Amino acid sequence: NAGVTQTPKFRVLKTGQSMTLLCAQDMNHEYMYWYRQDPGMGLRLIHYSVGEGTTAKGEVPDGYNVSRLKKQNFLLGLESAAPSQTSVYFCASNLGREQYFGPGTRLTVT
Amino acid sequence: SQQGEEDPQALSIQEGENATMNCSYKTSINNLQWYRQNSGRGLVHLILIRSNEREKHSGRLRVTLDTSKKSSSLLITASRAADTASYFCATVSRGGATNKLIFGTGTLLAVQP
Numbered sequence: 001n002a003g004v005t006q007t008p009k010f011r012v013l014k015t016g017q018s019m020t021l022l023c024a025q026d027m028n029h030e031y032m033y034w035y036r037q038d039p040g041m042g043l044r045l046i047h048y049s050v051g052e053g054t055t056a057k058g059e060v061p062d063g064y065n066v067s068r069l070k071k072q073n074f075l076l077g078l079e080s081a082a083p084s085q086t087s088v089y090f091c092a093s094n095l096g097r098e099q100y101f102g103p104g105t106r107l108t109v110t
Numbered sequence: 001s002q003q004g005e006e007d008p009q010a011l012s013i014q015e016g017e018n019a020t021m022n023c024s025y026k027t028s029i030n031n032l033q034w035y036r037q038n039s040g041r042g043l044v045h046l047i048l049i050r051s052n053e054r055e056k057h058s059g060r061l062r063v064t065l066d067t068s069k070k071s072s073s074l075l076i077t078a079s080r081a082a083d084t085a086s087y088f089c090a091t092v093s094r095g096g097a098t099n100k101l102i103f104g105t106g107t108l109l110a111v112q113p
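These protein sequence lines are chains A and B, in that order.
Heads up: the first sequence begins at 1 in this note's numbering, then just goes up one per residue.
Heads up: the second sequence begins at 1 in this note's numbering, then just goes up one per residue.
Treat the hints as calculated values from the structure; they're not laboratory data.
Be careful, since some hints might not be right.
[To be verified] Not the full set, but computed from the structure, chain B residues with beta-carbon under 8 Å of chain A:
id: 1; residue: N31
id: 2; residue: R41
id: 3; residue: G42
id: 4; residue: H45
id: 5; residue: L48
id: 6; residue: F88
id: 7; residue: L101
id: 8; residue: F103
[As the list claims (entries may be wrong)] Per the computed footprint, the stretches of chain A lying under chain B, defined by three or more beta-carbons under 8 Å from a beta-carbon of chain B, are:
id: 9; segment: 36-48
id: 10; segment: 97-108
If you're wondering where the values come from, they're calculated on a predicted model, not measured in any experiment.
All residues carry an ideal CB built from backbone N, CA and C; glycine is no exception.
Can you make the complete structure from the sequences, with help from the hints?
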């Protein structure tokens, strides 16, 4: 099992550009999550999904959209990137209590 | 913000010593979890303690929970250089049906060989 994988690992965007981060899990988990991690802030929940075809807002959803068309994939989109979205993005999934995390995507917006 | 807080923010100890990290949170919880993050990597689950438990052990890890004070502590005994990492507590709120985690701000532990 690959667990939770994220694509890409690194990305540099210019302000106003768009991009999509892909998260994939092969554990048949129902729940999937997108977090961002900033220095000294811990992880903050952006959006989450409780099953295929469902999404919901987390703590910091503004400027992001998500889709869960297939159970194994959870996509995070930035329509018009801003420097404030420079961060490390983590995807996670779970079935029960503990969450399994991907390796992260480091995004820089200039 | 609902985020919890951890202290200390950073901790440096010698190999073989014990490391204690504390976590405070704001809401009533279903459970509290501790995660570890090595530099540049994703988080890895270490241990979970339910709201009706007061103490739990796993190998060299000991977690305590005091729901009246809304606080938890993680003790790592006989630390090793390989324990160097950031440690985060995370809570699942009572009544939540989605297993959403609210993370603390983390403690950076450095174990000197």
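Checked hints:
1. A least Cβ separation of about 6 Å between B/N31 and chain A falls short of the 8 Å threshold, and the interface hint therefore holds.
2. For B/R41, the suggested interface contact is upheld, since its CB lies about 6 Å from the closest CB of chain A, less than 8 Å.
3. At a threshold of 8 Å, the smallest CB-CB gap from B/G42 to chain A is about 4 Å, leaving the interface hint in force.
4. At a threshold of 8 Å, the smallest CB-CB gap from B/H45 to chain A is about 4 Å, leaving the interface hint in force.
5. For B/L48, the interface hint holds, the least distance from its beta-carbon to any beta-carbon of chain A being 6 Å, beneath 8 Å.
6. With 8 Å as the threshold, the beta carbon of B/F88 comes within range of chain A, its nearest partner Cβ sitting at about 6 Å, so the hint holds.
7. For B/L101, the interface hint holds, since its Cβ comes within 8 Å of a Cβ in chain A; the closest pair sits about 6 Å apart.
8. At its closest, the beta carbon of B/F103 sits 4 Å from a beta carbon of chain A; the interface hint therefore holds under the 8 Å criterion.
9. With 7 residues having a beta carbon nearer than 8 Å to a beta carbon of chain B, the segment 36-48 of chain A meets the requirement of three or more and the stated coverage holds.
10. Requiring three or more residues with a Cβ within less than 8 Å of a Cβ of chain B, the coverage given for the segment 97-108 of chain A holds, as 8 such residues are present.
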